[in-house]
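Chemist: In case you want the letters, here they are:
Protein chains: 2
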Amino acid sequence: MKIISSIQELQADIKAVKAKGKTIGFVPTMGALHAGHKSLVARSISENDFNVVSIFVNPTQFNNLSDLEKYPRNIERDAEMLGAIGCDLIFAPQSEDIYTEDELTGRFDFDFAGLDKVMEGKFRPGHFNGVVQIVSKLFNFVQPDKAYFGEKDFQQLAIIHYMVKALNINVEIVDCPIVREESGLAMSSRNERLTPEQRKYAAEISKVLFESRNFVPDLSPADLTVWVSGRINAIEGLKVEYFEIVDSENLRTVQTWEKPAVGCIAVFCGEVRLIDNVRFESMIN
Amino acid sequence: MKIISSIQELQADIKAVKAKGKTIGFVPTMGALHAGHKSLVARSISENDFNVVSIFVNPTQFNNLSDLEKYPRNIERDAEMLGAIGCDLIFAPQSEDIYTEDELTGRFDFDFAGLDKVMEGKFRPGHFNGVVQIVSKLFNFVQPDKAYFGEKDFQQLAIIHYMVKALNINVEIVDCPIVREESGLAMSSRNERLTPEQRKYAAEISKVLFESRNFVPDLSPADLTVWVSGRINAIEGLKVEYFEIVDSENLRTVQTWEKPAVGCIAVFCGEVRLIDNVRFESMIN
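Each protein sequence line maps, in turn, to chains A and B. At position 269 of the first sequence (counting the first as 1) the number is 269 in the working numbering, and the numbers step up by one without a gap. At position 3 of the second sequence (counting the first as 1) the number is 3 in the working numbering, and the numbers step up by one without a gap.
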């Protein structure tokens, strides 16, 4: 397995792979890889001839410098895991090779039909502009046939699907299910920042989300929203930033259970911000 | 020369061309081709192995249904010209193959560092969103090595350069000079809609623009702006919508002649809206 930081070198390798007619699978990551990432890479390897993982803590998607600084990094351990499962290439560029000075001052702006204005977009202004820009850049560098994303970042995935469709980008987006720790806690690089005690509290998030499904369709989405937030806020050390039950496609808040919906949550566990989600199937067939 | 309307058929042809290692040159147009377009295609042919011209009157970049309806169309004559000079493929898709219903209702929005908010962007709200979206889609369909654009649409070109850089799109954008009629009138498909008398008035636009260069650096950009607008408004049948002298790169209005600038104008000649521009070199070396 090769680790490349130069864009030129990457592009030369990609060209050589394409010339041989091989398909390329791609998993963009910010490193600090866990079992969730591993499942994406394993799926990519099972479906493509040549597999690329990018490791880049993208500054433009952080709206909080402290969060950016504290984001865990461990490229040696990441490389070890990726080499062991059969990844072909790690692309780990430097920020100054990816962005011009102008781009870093955040002048780029997309607007995806309001998809980027709710939930994460509301609480992390500019976040999805940064995500979309880096994903576009990486797609253009790597030129993958398929790219793999986890459903933990549900809103991100909806926005990437929208972008790929709106621009007819020649990449197939593959949605991959959330991978959870034994306790139910959704895998996240940010979990590394939790104390053992916080980990116990954090595990309650998914328990409440799963339990909430039992109240459908008896409680309305609005009432269930209140119930979930109340239950999680009642747990020591947890503070809900938002919980919303939205249409799985357009991410608009739902009033009834007529269409497939997803409940998306962001919770502070101490200083660490965690997200998770749960699907609610449509009650009308 | 082949004329293709199906995206699938186009993509199969492009794949075959790429498999042979041929380079692809691309000229996106809205048809009603004139000598300006011809110069773009001729340059593309001189620099690439396989040359594609798209003909598509893109609805999402019109902010005025009457302008869309009145936009001249003449694909038979276009095809004749393109075949004669050696174009390989015309891609002439239908709107319903390019856009979903949602996309046609105009939910897509880019924001390019304010480049899209001035001049054409101010008077044709949504115009550049439509341009950028169709250019992105076409680039993804055609996958060209180089794409050719005319400098008559100066702002459009600045925005396309910005997009390609911001997203690291693998297409080289080639800027091509304005082609003018003998009278000095910038070539435009819209000129077809002018009466013989209007054509005479319209020819004055470029004359005033060229004359204005003689006042640099004696008049300030602000004073020269007033002079140009006044001169053109004094001509029968012409009404200036805007004239602005802007920095060639960031399109912000300039106060001095320190940096290379461009004077961009939109003028109504009866119902027909014409644009043109003139470059002012920097007065500081």
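Source of the hints: derived by calculation from the structure; they are not laboratory data. Model, not experiment: these values are computed from the prediction. Please note: incorrect hints may appear among the correct ones.
Any copy will do: because identical chains look the same in the list, a pair fits if it lies in one copy or spans two.
[To be verified] No farther apart than 30 Å at their CA atoms in a straight line, the calculated lysine-lysine pairs in the DSSO-like style are these:
| id | residue 1 | residue 2 |
| --- | --- | --- |
| 1 | Lys152 | Lys200 |
| 2 | Lys117 | Lys22 |
| 3 | Lys207 | Lys15 |
| 4 | Lys20 | Lys70 |
| 5 | Lys259 | Lys70 |
| 6 | Lys207 | Lys146 |
| 7 | Lys22 | Lys122 |
| 8 | Lys239 | Lys200 |
| 9 | Lys152 | Lys38 |
| 10 | Lys20 | Lys259 |
| 11 | Lys20 | Lys152 |
| 12 | Lys15 | Lys239 |
| 13 | Lys259 | Lys18 |
Chemist: Look at each hint and say if it fits the structure.
Modeler: Comparing the hints with the structure gives:
1. Lys152 <-> Lys200: Answer is within: at 19 Å inside a copy they meet the 30 Å cutoff, but 64 Å across does not.
2. Lys117 <-> Lys22: neither (38 Å within a copy, 43 Å between copies)
3. Lys207 <-> Lys15: neither (47 Å within a copy, 49 Å between copies)
4. Lys20 <-> Lys70: So Lys20 and Lys70 fail the 30 Å test inside a copy (41 Å) and across (49 Å) alike.
5. Lys259 <-> Lys70: Classified as neither; 39 Å inside a copy, 42 Å across copies.
6. Lys207 <-> Lys146: Neither, since 33 Å and 54 Å both go past 30 Å.
7. Lys22 <-> Lys122: neither (41 Å within a copy, 46 Å between copies)
8. Lys239 <-> Lys200: Close inside one copy (14 Å), not across copies (71 Å); limit 30 Å.
9. Lys152 <-> Lys38: Cα proximity of Lys152 and Lys38: one copy only (14 Å, versus 51 Å across).
10. Lys20 <-> Lys259: neither (45 Å within a copy, 48 Å between copies)
11. Lys20 <-> Lys152: So Lys20 and Lys152 fail the 30 Å test inside a copy (35 Å) and across (42 Å) alike.
12. Lys15 <-> Lys239: Cα proximity of Lys15 and Lys239: none, with 48 Å in one copy and 53 Å across.
13. Lys259 <-> Lys18: The answer is neither: 41 Å in one copy and 43 Å across copies each exceed 30 Å.
The earlier numbered hints that this structure contradicts are 2, 3, 4, 5, 6, 7, 10, 11, 12, 13.
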